[in-house]
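Asks: Sequence:
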Amino acid sequence: MGQILFITKCIERERFLEGTFRQLGHEVFLSDQFLTLHIKRDTVASLTDFFKIIVLSETLTNQEVLLLLKSFKGQSLSIFREVERLPTKKEQQLWTERGINEWLVKDMMLEEIREMLDGYIDSSKERQIFTEEEENEKRSLSSLALNSTQLRFLQILYREHDQIISREKMCELLWERPGNASNLSQLSCLVKLLRKKLNDQGVEGESILTVWGQGYRLSDTFFKQITTEIKI
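Residue 165 in UniProt numbering is what sits at position 165 of the sequence shown, and the numbering runs on without skipping anything.
No lab work stands behind these hints, which were simulated from the structure alone. None of the values given here were measured: they were computed from a predicted structure. Treat the hints with care, since some could be wrong.
[As the list claims (entries may be wrong)] Taking lysine-lysine and the DSS-like style, the derived pairs with C-alpha atoms no more than 25 Å apart in a straight line are:
{"hint": "1", "residue 1": "K138", "residue 2": "K192"}
{"hint": "2", "residue 1": "K138", "residue 2": "K169"}
{"hint": "3", "residue 1": "K89", "residue 2": "K106"}
{"hint": "4", "residue 1": "K73", "residue 2": "K9"}
{"hint": "5", "residue 1": "K73", "residue 2": "K138"}
{"hint": "6", "residue 1": "K89", "residue 2": "K138"}
{"hint": "7", "residue 1": "K197", "residue 2": "K169"}
{"hint": "8", "residue 1": "K52", "residue 2": "K70"}
{"hint": "9", "residue 1": "K224", "residue 2": "K52"}
{"hint": "10", "residue 1": "K106", "residue 2": "K52"}
{"hint": "11", "residue 1": "K90", "residue 2": "K138"}
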């Protein structure tokens, strides 16, 4: 369970998304006064003791979002931006540099929102778990009890490190077939089972992150726990 702060200008407008977050087991605090208070005081108290994820409503202007992002700089927060439709890749890159971590798009499915939230909430826990000694005690990727397809999936992501591999590209690399509806469904099942296998074998946190609209990548904490001697 995570704590989410939803900054908006109209609370009633956000009830559906609030309900989705709560349905997934998260605590949500909606505020339509946060922006006004911040502008008047020109300061923001540390939020990391209370919230790990901040959602910025699409009711906020880009200028207001920029103002808030400057305030959050330096804090261990994950910032989500609610939008009607996904921005272009160029726009996404620009906003990523400014501090936006993810995009909450209107037509996202429940499973996609769950994976997105869990990845960031688990990552916030992971930062507290690992000491320098633990980081030095890495396990070999080949030591994990995985089938050949699961191992290949991790090898592909490991090779790309923090780069995102699209779902279509992953289908081609795994099965040498285009990413059609059947293959994409098979890939989703593979990822779901693989996440469970990794957790069952003691790999902490959300190892495989889903970047909505783009694909998959491995979490930073996965690289802290797992190494590979295999040339991939």
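Asks: Work down the list of hints and note, for each, if the structure agrees.
Replies: So, going through the hints one by one against the coordinates:
Distance restraint check for K138 and K192: the Cα-Cα separation of roughly 23 Å lies within the 25 Å cut-off, and the hinted pair is therefore satisfied. With a C-alpha separation of about 29 Å, the suggested pairing of K138 with K169 is violated against the 25 Å cut-off. Taking the CA atoms of K89 and K106, the gap is about 18 Å. The hint holds against a cut of 25 Å. Proximity of K73 to K9 is assessed by CA-CA distance (about 22 Å); at most 25 Å being required, the pair is judged to hold.
Note on K73 and K138: the hinted pairing is violated, with a Cα-Cα distance of about 31 Å set against a maximum of 25 Å. Restraint check: the Cα-Cα separation between K89 and K138 comes to about 34 Å, which exceeds 25 Å; the hinted pair is violated. Note on K197 and K169: the hinted pairing holds, with a Cα-Cα distance of about 23 Å set against a maximum of 25 Å. For the hint pairing K52 with K70, the CA-to-CA distance comes to about 17 Å; that is within 25 Å, so the pair holds.
Simply put, K224 and K52 have alpha-carbon atoms about 21 Å apart, close enough for the 25 Å limit, and the pair holds. For the suggested pair K106 and K52, the alpha carbons sit about 22 Å apart, so the restraint of at most 25 Å is met. Restraint check: the Cα-Cα separation between K90 and K138 comes to about 36 Å, which exceeds 25 Å; the hinted pair is violated.
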